[in-house]
Amino acid sequence: MKSLSADRLQDLAAALSAAGYRVVAPVEADGVVRFAPWSPGAAIRTDAVPVNSLKDVFFPPSEAIGRWRRSGDGFDAIETRPEAPKTAALAARPCDVAALAMLDAVFNWDFRDSFYDARRAATVVAALACSEADEECFCTSVGGRPDAAPGADALLRPADGGRTLIVEPLTDQGRDLAAAASGVLQDGAAAPDAPPEVRRRFDIGRVGAWLAGNFDSPLWKELSLPCLGCAACAYACPACHCFDIQDESGPNGVVRLRNWDACGLGLFTLHASGHNPRPDQASRWRQRVMHKLAYAPERFKVAACTGCGRCGRVCPRGMSLADTAERIAAAAAPAAGPAAGVPA
Amino acid sequence: MSPTPSLREDAARLLREGRVKLVIGYRAHAGGGQGPAVPEGACRAPLAGGGGRRPAFIEEAHRAGELVFDGACSQNLAAYLKKPEVRARMPLAIVASEAVGRSLVSLAAESQFAQGALLALAFRGERYEGVKEVEELAALAREAAPEPRRDPDIGRRLAELAAWPAQRRAEWWSARFSRCTRCYACRAACPGCYCQRCVTERNVPQWVSTAALGHGNYAWNMIRAFHQAGRCTLCGACASACPQGLPLMLLNTFLAAQAAEQFDVEAGLDPAAKPLIGTWDPEDDNSFFT
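Same order as they appear, the protein sequences are chains X and B. Residues in the first sequence are numbered from 3 upward in steps of one, following this note's numbering. Residues in the second sequence are numbered from 109 upward in steps of one, following this note's numbering.
Calculated directly from the structure, the hints in this document are not laboratory data. A quick note: this is a predicted structure, and the numbers were derived from the prediction, not measured. A hint or two may mislead.
Stated by the list, open to error - Partial list, computed: chain X residues near chain B (C-beta under 8 angstroms): (1) Gly33; (2) Val34; (3) Val53; (4) Ser64; (5) Leu230; (6) Cys232; (7) Ala233; (8) Tyr237; (9) Ile247; (10) Glu250; (11) Leu259; (12) Leu269; (13) Pro318; (14) Gly320.
Note that the Cβ used here is the ideal one computed from N, Cα and C, for glycine as well.
Modelling step: build the complete structure from the supplied sequences, incorporating the hints.
Below, the structure is given as structure tokens:
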């Protein structure tokens, strides 16, 4: 069994960096922990869920996907390739890793997205099993668990009461990563810690059944009233993947940008005519919930929510997908009461 | 003594008598409290998530018992006056802490709601003051803060920044703004950001790059701050909504001080005040044109 002392994560990062990986990991800047490029000396924070998710590594908030140079009366295309250096993503949470199934599916559905795919191919993901869960965590309600990351290349599993991290390679890339870091890994037994208990908050089957027949329910209006229509939840979400394409022109040419976008924003579906098929926050919030728990499961056989709980942590009004799903589950079975009687 | 019973009674009475169609206030979150301690730096802004409090939208008198008020009720409810779904339910009443009260006064000065369309269930600290019209709210606000209130810690940080060369300051802000994802939580949480089409969403021509990259992020955050100069009541809703923890109150406090110093403006104290940005006066100081 390979392991390393939990306080040597930085040494692991340094070894991977020396082996030619760009390392991204939860690091703190100005009091906020973000998934961001690691630099020597930076502490890797395993005690906090980063404000952004692993998705940023593959699908950044904004990126150039095309460039044109002015040439006489026309434009010459400049070949634009994704920036996809060999990368090791360290200490991603199982819920973030679970979202890769959704992202892989949508970015390779009817069109293979070369920008996403290039970074995905260049990145090895070493997940960190959770040792704590907070009140917003709900992975177990959407089919996940805090101590397994099937889509990862390796899993770091807390052991010996948090003092040790067992390194479990899961794929060839994970074995390469372990080999590259062999200098900081040790042999010997370690006792895996028990995973945290993540409360099961709703029955996703019951929620799905309600969604199938309640597109016009008045509950959407009530559930969406606190929503102020920003994109904080969508941008923090590991599975949200909507984007907008904008061409920005300057004196010398044009750059085509892919920028994150979100269904909660009023402009998202606003037509040039002025018509908006989702004219109010109720229809926007319904879209967000339906996309995650009805449309994605129908089309891709995976939920577009992995229970990371970030929406509830970042929402200025304290809304969350879990609260909404709980309310829906209660509406689906009023006699049972919220979350009561959900089999564990 | 807990102020909640009289708050609930007033809310129920206003609804029962038909004086308002809606009461916006706070309720306890079913989950309750903050939950387990979150380590410093975890992704939970100090006021985000409502600190165990959630907005409540009460339309029936018998539901007024859901209302609570205490120091954890920190969300600025005045931002809901932007929502068409809420405006459709006027006249309405809002549970108003001092911060919410000042926002309402500022919005009244900018003619954002008709006279009689809004009542406040006003608090000073945690003391309930009763049902108030906007003019009475303004009087309360002036009484509570006869001198402009500025966060001394922010003042110290501003002084530090002011002592730096401009280039270093610009680089410091660039590094902060580089983390902006353009989620617009700041704008959404701000009662004063009520433009139906924000400048960052105008694309004929496009004034501000909407990409979450350097120059667009810098321009967006600066433009938002400038549009709040003399209007911002320093409630802090934008900063606590920002998932990235950007130090937006440094900008807002700086501009509020400039508005006070140069134009003798203090937002949120007078519903009859001429809005600083919306007012042009030929006697304005034009000396900066060179």
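Now for the hints, and whether the structure bears them out:
Taking 8 angstroms as the C-beta cut-off, the interface hint given for Gly33/X holds, the closest approach to chain B being about 6 angstroms. This hint holds: Val34/X has a C-beta 4 angstroms from the nearest C-beta of chain B, less than the 8 angstroms allowed. Among the interface hints, the one on Val53/X holds; its C-beta lies about 4 angstroms from the nearest C-beta in chain B, closer than the 8 angstroms criterion. Because the smallest distance between the Cβ of Ser64/X and any Cβ of chain B comes to about 4 angstroms, under 8 angstroms, the interface hint for this residue holds.
With a cut of 8 angstroms, the hint placing Leu230/X at the interface with chain B holds, because the nearest CB-to-CB distance is about 4 angstroms. The criterion of a C-beta within 8 angstroms of any C-beta in chain B is met by Cys232/X, whose closest approach is roughly 4 angstroms, and the hint holds. Evaluation of the Ala233/X hint against chain B yields a held restraint, the C-beta minimum of about 4 angstroms falling below 8 angstroms. For the restraint placing Tyr237/X at the interface with chain B, the shortest Cβ-Cβ distance is roughly 5 angstroms, inside the 8 angstroms limit, so the hint holds.
Interface restraint check for Ile247/X: the shortest CB-CB distance to chain B comes to about 11 angstroms, outside 8 angstroms, so the restraint is violated. Taking 8 angstroms as the C-beta cut-off, the interface hint given for Glu250/X holds, the closest approach to chain B being about 6 angstroms. About 5 angstroms separates the beta-carbon of Leu259/X from the nearest beta-carbon of chain B, less than 8 angstroms, and the hint is met. A distance limit of 8 angstroms between C-beta atoms decides the matter here; for Leu269/X the minimum to chain B is near 5 angstroms, and the interface restraint holds.
Because the smallest distance between the Cβ of Pro318/X and any Cβ of chain B comes to about 4 angstroms, under 8 angstroms, the interface hint for this residue holds. At a threshold of 8 angstroms, the smallest CB-CB gap from Gly320/X to chain B is about 4 angstroms, leaving the interface hint in force.
In terms of the numbered hints stated before, the structure departs from hint 9 and from no other.
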